[in-house]
Amino acid sequence: MTVHARVLVRPKAGILDPQGVAVERALPALGFEGVANVHVGRLIELDIEDPSQLQAMCEKLLANPLVEDYEILEAQEQRPDADG
Amino acid sequence: MKFGVIRFPGSCDEVDAVLACEHVPNASAQLLWHGDPDLHGVDAIVVPGGFSYGDYLRAGAIARFSPVMESVIAFARAGGLVLGICNGFQVLCEAGLLPGALLPNVGRRFICRQVQLEVVHSTMPFTADTAAGELLSIPVKHTTGRYYAPPEQLDSLEAHDQILLRYASGANPNGSSNDIAGVRNAEGNVFGLMPHPEHAVDPLTGSTDGLKIFSAMAHAHG
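Read top to bottom, the protein sequences are chains A and B. In terms of the working numbering, the first sequence opens at residue 17 and continues consecutively. In terms of the working numbering, the second sequence opens at residue 4 and continues consecutively.
Among these hints, one or two may not hold up.
Below, simulated DSSO-like cross-link-like pairs (lysine-lysine); rule was C-alpha separation at most 30 Å, straight line [to be verified]:
#, chain 1, residue 1, chain 2, residue 2
1, A, LYS28, A, LYS76
2, A, LYS28, B, LYS5
3, B, LYS5, B, LYS144
4, B, LYS144, A, LYS28
Coverage of chain A stretches by chain B, computed from C-beta distances (three or more under 8 Å per stretch; other residues unrestricted) [stated by the list, open to error]:
#, segment
5, 61-67
6, 71-83
Source of the hints: derived by calculation from the structure; they are not laboratory data. Ideal placement from N, C-alpha and C gives every residue a C-beta, glycine not left out.
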């Protein structure tokens, strides 16, 4: 049985995130006002047999804990009809 | 003195690194393939620039777990000389052999230009062929070159003379903390820098200042 998990990795608070700054500056140019604190991270999706490994996986490879925070968003049983 | 230069899939500066090593009198160099854990008896390791494993996930994150790197980590822990250039610096940080991390440039752009570096400490085994305060002209070419370490770690790096090279005053191209261009580990046998000394070894390309790093390593080896 595998479960489907999502890991959200984002820049640590307080460390300059140039991508977030670029997006934040681009939005008003398109008429979207009142947007602040934009940060760009990444989403890693995976099917995993043993979800208890997720945290170690994050610490060792998926995130760099020195500069990134990670969050294991969900770990749901994969539906039998889910495609690969 | 035999240098070993790592070649990962996606490396692009390993041939220049070999040529730079071969500019040092009485030194030779050979390439070491990432999938081969055998270091073939080399006396020092150069982890070169490029885009190892496509820089997928984070620069250096996957290369750090390659078979050759497991051997390089053991070599470094035993006191062997290891130089990481650009992507090689990123790999060594990811491997935990050097403190800190490299983040996207403050200006988000790829930067490719000659920069002035100030030698902070003239010391064996990496900067002994330079003088403290000397300015070196060496190119940078990177998108992910902003050196970062937490404030308390920066204080420790300063206090323990681990910062060997800084971008000259006003010449920090990427927003690196404390203008750091190159740092060594606490033991002093592992050194990483974002600029490319291997591209500054021939008068044809404008500067031979980079050669001083490679020659210092050879002198340290004796």
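Here is what the structure says about each hint:
1. Between the alpha carbons of LYS28 of chain A and LYS76 of chain A the distance comes to roughly 17 Å, so the proposed pair stays at or under 30 Å and holds.
2. Taking the CA atoms of LYS28 of chain A and LYS5 of chain B, the gap is near 41 Å; set against the 30 Å cutoff, the hint is violated.
3. Between the alpha carbons of LYS5 of chain B and LYS144 of chain B the distance comes to roughly 27 Å, so the proposed pair stays at or under 30 Å and holds.
4. Only pairs whose Cα atoms come within 30 Å are accepted, and LYS144 of chain B paired with LYS28 of chain A is accepted, the gap being roughly 26 Å.
5. Counting residues of the segment 61-67 of chain A whose CB falls under 8 Å from any CB of chain B gives 0; the rule of at least 3 is not met.
6. Remark: the segment 71-83 of chain A is confirmed as covered by chain B, as 5 of its residues place a Cβ nearer than 8 Å to a Cβ of that chain, reaching the required three.
Consistency note: the structure conflicts with the earlier hints numbered 2 and 5.
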